[in-house]
Amino acid sequence: MTPQPKKDGMIEDLITLGHEGSGNGLRHFVAGKPIQAGSYMEVKFGDGWIPGRYE
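Plus 275 on top of the position in the sequence shown (first one is 1) and you've got my numbering.
Be aware that a few hints might be false.
[What the hints assert, rightly or not] Only pairs whose alpha carbons sit at most 30 Å apart, straight line, appear in this in silico DSS-like list of lysine-lysine: (1) K308 to K282; (2) K319 to K308; (3) K282 to K319.
Since the hints were derived computationally from the structure, they do not count as laboratory data.
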């Protein structure tokens, strides 16, 4: 697979789990930014990327 350039507005980093605010709930973050339900994302798998939505 040929590497593709990063798309405008996309961030690239690891998905992490953490707290937001003072609540007890956990949520996922990418580069310190919370991921919203329904957000478009591409997950690296081997040498390629798999497109999908965060749920």
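We went through each hint and held it up to the structure:
{"no.": "1", "hint": "K308 to K282", "in the structure": "holds, 17 Å"}
{"no.": "2", "hint": "K319 to K308", "in the structure": "holds, 19 Å"}
{"no.": "3", "hint": "K282 to K319", "in the structure": "holds, 14 Å"}
Going down the numbered hints, you'll see the structure goes against none, and every one checks out.
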